[in-house]
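With chain A fixed as given, assemble chain B onto it according to the hints.
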Amino acid sequence: MNPYIVGVVVVYLAVTIIIGVWATKRTKNTSDFFVAGRSLGMFVVAMAVFTSIQSGFGVLGGTGLTFDSGFGGFVAGIGFAAPLGFVLAWFLVAKRMWRLANLGEIYTLGDVVERRYASRGVRGWIGFAVALGVIGYLGVQVQATGVIMAAIFPIGTTWGAIIGLGILGLYAVGGGIIAAVYTDLFQGIIMVGVSIIVVIIAVNAGGGVLNITETLQGADPALASPFGTVPALTIACYLFLFSIGAAGQPQLLTKFLMIGDTKELKWGALTAGLAYLLTMLLVAGVGLSALALSTQGNFPELDTPDQALTRFFVEFTPPILAGLGFAGILAAIMSTGDAFLNLGAAALIRDIPRSLNVPVRNELLWSRIIIVALLVLSLLFSLYLDTLVALLGVFGWGTFAAAIFPTVVLGLVWPRATSQGAIVSIITSIVLNFVLEIGARYGFTPLPEGVVNGAFTLAVAIIVFIGTSLVTQQEREASPEVKRVFEG
Amino acid sequence: MGLSNRLIYALLGLVILMLIGMLISSWRVVLYPLLPVIGISMLFGYTRELPSRKWPLLVAGSVVVLFGLLFTVLDIMTGGEPTGSTNYVLGMTPPMALYIISFPSIVVLTGILYGLTFKQEDVQEVIQEREAFTGEAGREEGTQ
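If you're matching them up, the sequences are chains A and B in order. Just so you know, we're using this note's numbering here: the first sequence kicks off at 43 and counts up by one. Just so you know, we're using this note's numbering here: the second sequence kicks off at 200 and counts up by one.
These are computed hints drawn from the structure, not numbers from a lab. Mixed in with the good hints, there may be bad ones.
[Said to hold, decoys possible] Cut-off 20 Å, straight-line C-alpha distance, at most; resulting in silico cross-link-like pairs (DMTMM-like, lysine to aspartate or glutamate): (1) A:K308 / B:E320; (2) A:K305 / B:E320; (3) A:K308 / B:E324; (4) A:K308 / B:E248; (5) A:K525 / B:E320; (6) B:K318 / B:E248; (7) A:K525 / A:E147; (8) A:K305 / A:E529; (9) A:K525 / B:E248; (10) A:K305 / B:E324; (11) A:K308 / A:E529; (12) B:K318 / A:D303; (13) A:K70 / A:E147; (14) A:K525 / B:E324; (15) B:K318 / A:E529; (16) B:K253 / A:E529; (17) A:K305 / B:E248.
[Claimed, not checked] Reference listing, derived: stretches of chain B covered by chain A, where coverage requires no fewer than 3 residues with Cβ under 8 Å from a Cβ of chain A: (18) 242-255; (19) 286-298; (20) 311-319.
Everything numeric in this text was worked out from a predicted model, so none of it was measured. No residue lacks a Cβ here, since even glycine has one placed at the ideal position from N, Cα and C.
The following block holds chain B by itself, in its conformation from the complex:
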């Protein structure tokens, strides 16, 4: 089974789980499968590197683990009451401070990881490939 098939079947399984979560009104069964879905989405960006290298798994896995930690800690903190405790962190309730600081930070980190692992494509190579495949010259001009 090819890599893209494995990823798509994993995605299918997780989305079915999320659908069940919606139908049984369990936010955890919706939210927690979403985290590996995020990881799978990232792995689709590394399908060329994945067969031979392991670092894409580390990159996607680290984002999934960070989100997992965030929601697990949040889940535990707010188990008793929505504000977690009577203490304040940076003027906010602890769960609020955790969420406001952590979620955007992980989003920014994911964007940085994309930039750091980005591999540039050669435009000329793509045009040559196309010519090789089709025998046509690349058409860059639009039509009126």
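The following block holds chain A by itself, in its conformation from the complex:
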């Protein structure tokens, strides 16, 4: 690999370690570790929301899907719906989560739902759903880290994953969420900056927008249409799952617990949404340009569409920019990884033990230990159980959306929601998602072609949640301070 590319990536990794060391010094207690002492400002939170959602899948996979199926492969559905989802999450629960966070030691989604429903059972099930998704997400990030590190440095994917995880561990173990959000800020700025510059290069490389369009249209008219070769039903499902479902992603929701003052919420939705949309320029620009170049025979042969972005960086951008591009991809992977490490620690050290009435005595110490364990576990999973990792990775977004959106989001806006409704909908979402995703791997596809499993599960979970709540109405009312949360 070109030494300039290696140099830029080494500098990037060094900066993340420095931020980690600084954050470790600032992390003194559980509140710092999980909610940054509730001291974060708008820009940091907005960038952390954007980067923790914009993962390796979004950047590498998104470009690959666009290269494979046109604009509809990723951007038209997922890429445009997710930032809309950020904004809707702000409308739905930003203030409510902030208000709830003021009611004591509310650090995790488990804390939120136990306070909301006065139920340890709901806390336990939310913790379980989060833990399952975390293992899947982490496994996918580990695999992606290995591939990217191996593409940059003269090492294999296993060593690439180990070194990448080592650096992630260095800042995530010591600095907790403070390290995560400030590295996210740094990583987010890189991702946005690279996206804006590279899209211009991509359009130029493709011979301009008109030339790209004409080339794609010549190959297949659908490739020049907004939905590409993807069925409209799938796009509609994506729009539902990734807009409404975004408000159910734990890495987004928990950020609202980290804000000290509500004024910091005001422009957060716009900032996070805009930053995400700017990275979609990269995904769409490179994906479509590479597809047009490939159609003309001017793009290198790829083993898989996921290589489209990295090959574009190497072949079509100046080395320093390519280095920043690789740093941007690593940033997308690591920023998602650190968020999930923290969520995993919260679920395993705080939510699940407390739901069983066996709280952990030194949560800070044990959270750090469990993050190391999660790193090792996710590495082993990605090396030896890659089928399971792939399954849990797919399972992640849909399960979070279906398990968390009704219980947490609808639970905070609807006073009549009950703990039974919450538990039944969480179990339904986990079981249904597993059955549909595993079934799909073995040829069991009960849903009509084009329907996205996660979207179907989200719809079912919402219906089950509201329906079960209506038939299990309780006499006991929520406490006055929780009632105040419902008002928004």
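The following block gives chain B in isolation, referenced to the frame of chain A:
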């Protein structure tokens, strides 16, 4: 029936419709009910203002109408062929140009509307409320 109940029942009805749309493979029956779901999600952010004021309906309604217009025009344009026509707008096929320009613009507009209609909460008021409700002082420090 309270406001939140009405909103949640409307949401339930629309989501059931979307589920039916998935089962009968009709993208329109999935997509078009999603638009009022977006509006309802926005209205949940105005539950304090809604009983006495009408402007939240205007804010949420305008976003729903804009999305509705976008998809209706797109639906009509692509009815015959996926690229709409042989013309180009900004180097793109007309439906592509419409979608790329309009969808993100509406998302950005929605974010701006959130900021413009945002009402700040008073931290001290919240802490005092909590003390009044529970008799406890607000605990800001975490535990080791």
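Review point. Which hint numbers doesn't this structure obey?
Key: none
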